[in-house]
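Peer 1: Given chain E, put chain R in place with the hints provided.
Single-letter residue listing:
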Amino acid sequence: MAANPMTQFEVYRIGPEIKIGTFDISFTNASLFMVISSLAILVVFNLGSKKNSLLPDKLQLLAELSYSFVSKMISDTAGTKAKPYFSFIFSLFMFVLFCNMFGMIPYTFTVTSHIIVTFVLAGFIFIGVTIIGFLKHGFGYLKLFVPSGVPLVLLPLIVVIEIISYLSRPVSLSVRLFANMMAGHTMMKVFGGFVVSLGIVGGWLPLSFSVALTGLEILVAFLQAYVFAILTCIYLNDALNLHH
Amino acid sequence: MIKKIFFQFIFFNFLFVKEVFAAESGGMPQLNPEFWISQIFWLTLTFGIMYIVLSKLILPKISANLELRKSQIQENIEAAEKQRESSESKLKEYEEIILKSKLKAKNIFKDAREKALKDINSKKEILDKQIDEEINNAEKEIETLRKSAPKKINKIAIETSTELLKKLIGAEVNNSSISAIVDDLAKREREKYYGS
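Going down the list, the protein sequences come from chains E and R.
The working numbering puts the first residue of the first sequence at 509, with every later residue one more than the last.
The working numbering puts the first residue of the second sequence at 1320, with every later residue one more than the last.
Note that these hints are calculated values from the structure, not bench results.
Yeah, the Cβ is synthetic: ideal placement off N, Cα and C, and Gly gets one too.
There could be a bad hint or two in this list.
Per label pair, the in silico range of CB-to-CB distance [as the list claims (entries may be wrong)]:
#, chain 1, residue 1, chain 2, residue 2, range
1, E, PHE642, R, ILE1396, 43 to 49 Å
2, R, ASN1351, E, GLY657, 44 to 50 Å
3, E, HIS751, R, GLU1404, 43 to 49 Å
4, E, GLY657, R, GLU1404, 53 to 59 Å
5, R, GLU1400, E, PHE642, 48 to 54 Å
6, E, GLY587, R, GLY1346, 42 to 48 Å
7, R, ASN1351, E, ASN749, 39 to 45 Å
8, E, LEU731, R, ILE1371, 25 to 31 Å
9, R, GLU1400, E, SER656, 47 to 53 Å
10, E, GLY523, R, ASN1351, 17 to 23 Å
Listed next, the in silico DMTMM-like pairs over lysine to aspartate or glutamate satisfying Cα-Cα at most 20 Å (straight line) [as the list claims (entries may be wrong)]:
#, chain 1, residue 1, chain 2, residue 2
11, E, LYS559, R, GLU1386
12, R, LYS1380, E, GLU572
13, E, LYS566, R, GLU1386
14, E, LYS580, R, GLU1386
15, E, LYS591, R, GLU1386
16, R, LYS1389, E, ASP565
17, E, LYS527, R, GLU1353
18, R, LYS1375, E, GLU572
19, R, LYS1380, E, ASP565
20, E, LYS558, R, GLU1386
21, R, LYS1389, E, GLU572
In isolation and in its complexed conformation, chain E is listed as follows (with noise of 0.2 Å):
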């Protein structure tokens, strides 16, 4: 008798029913949580950097620390063209990391566990990838499809192969991540389900999966965010430094 542990993904609304024309954009839970997330972002960076002190305190500490972070990130995978693009990958990591995190606190929502939000994500990435690359190189970005030093009788092969791979990225991108959240908390609920169906007696090895589960997933929620942002960096890297 383990409750269904899908019941956890189910949006609902929050409050009226709110329409523009015939799409229904109703304040939902998920919406909620986007907010909260947004917010706590803003809340912690803010304070971050509000004083400036030689020394810093713990949350100007975190603040610089995450900026450093993803500075290096950026700069170690796509180099330093892609500096103006830092504050949409800061903004993308923390985002991503908000939302994974915040899905760890019990009875809370994952946004990033719905694979409408990822996609949305990873299809913005993909068409904004796809736009700087043949802005910087014009119809020379199509040499990426076309790699060196490959022999002439193949090459349709590995075009067609090529172009099948850029093309699936947005899907890879976002299905990697809604796939680990949702796993990871599915597993999550069935363990807690065994928990309450074994009861006080046996419960107790399902209970200790769970705790460990729990230390997993968080550091999958970090893991799972990082590769997020990095790989957004890697394909703003083949847009902005053509090297096929």
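Peer 2: Just chain R now, kept in the frame of chain E:
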């Protein structure tokens, strides 16, 4: 207390879950497109506002803070470097002064020693001369005394022998004969003592 809350929590959770379970029909809620538009709208709105505020207000401030701290630390390091250099040069000057004064002291010591040695030598020479003179004088005196001594001894011998003879014989003896005998004896004796 915490334990109690924990078990109550599990118990109520169980009731709640059962209720929800009854209403659930299954499947992935993620694939239900009912709220997709709403999610896209709110994601764009929240992420957009957050991105704008972060990029326009907060990140430049953090960047400026970092730059300021970097430059401040750099300045401090430079100032420390300057002070270290100045202290090093001062140390060098100080060492030079010490070296110079040591050399000076050495020279002074050398001069003083030479002077003292000269003084001692000159004084020694003077003293030597004086000592030589005095030794010469003493030697001369001794010589004169030695030279005059036999005559005096002879005289004393003659006088005593005349006195002795007078007392023994009770007669005057010729002085000249006695002196001749004494001289003769004295000559022999002197040969014995001084080896002529």
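Peer 1: Next, verify each hint and record whether it holds.
Peer 2: How the hints compare with the structure:
For the pair E/PHE642 and R/ILE1396, the beta carbons lie near 46 Å from each other, so the given range of 43 to 49 Å is met. Under the hint 44 to 50 Å, the C-beta atoms of R/ASN1351 and E/GLY657, about 48 Å apart, fit the expected range. Evaluation of the 43 to 49 Å hint for E/HIS751 and R/GLU1404 yields a pass: the beta carbon distance comes to about 46 Å. Between E/GLY657 and R/GLU1404 the CB atoms are about 55 Å apart, so this pair conforms to the stated range of 53 to 59 Å.
Between R/GLU1400 and E/PHE642 the beta carbons are some 50 Å apart, a value that agrees with the proposed interval 48 to 54 Å. The hinted range of 42 to 48 Å is satisfied by E/GLY587 and R/GLY1346, whose Cβ atoms lie roughly 45 Å apart. Evaluation of the 39 to 45 Å hint for R/ASN1351 and E/ASN749 yields a pass: the beta carbon distance comes to about 41 Å. The hint said 25 to 31 Å for the Cβ distance between E/LEU731 and R/ILE1371, and at roughly 28 Å that hint holds.
The hint said 47 to 53 Å for the Cβ distance between R/GLU1400 and E/SER656, and at roughly 49 Å that hint holds. Roughly 20 Å separates the CB atoms of E/GLY523 and R/ASN1351, a value that falls within the hinted 17 to 23 Å. Restraint check for E/LYS559 and R/GLU1386: the C-alpha separation of about 14 Å stays at or below 20 Å, so the hint holds. Our distance criterion of 20 Å between C-alpha atoms is met by R/LYS1380 and E/GLU572, whose separation comes to about 10 Å.
At most 20 Å may separate the alpha-carbon atoms for a hinted pair to count; E/LYS566 and R/GLU1386 meet this at roughly 19 Å. For a cut-off of 20 Å, the pair hint linking E/LYS580 to R/GLU1386 stands: about 15 Å separates their Cα positions. Restraint check for E/LYS591 and R/GLU1386: the C-alpha separation of about 16 Å stays at or below 20 Å, so the hint holds. A hinted pair counts as satisfied when its Cα atoms are at most 20 Å apart, and R/LYS1389 with E/ASP565 qualifies at roughly 17 Å.
Distance hint between E/LYS527 and R/GLU1353 is fulfilled; the C-alpha atoms sit about 13 Å from each other, no more than 20 Å. The suggested pairing of R/LYS1375 with E/GLU572 holds, with an alpha-carbon distance near 16 Å, which does not exceed 20 Å. A threshold of 20 Å between alpha carbons decides the hint, and for R/LYS1380 with E/ASP565 the separation of about 16 Å falls inside it, so the pair holds. Between the alpha carbons of E/LYS558 and R/GLU1386 the distance comes to roughly 15 Å, so the proposed pair stays at or under 20 Å and holds.
For the proposed pair R/LYS1389 and E/GLU572, the alpha carbon gap of about 12 Å is at most 20 Å, so the pair holds.
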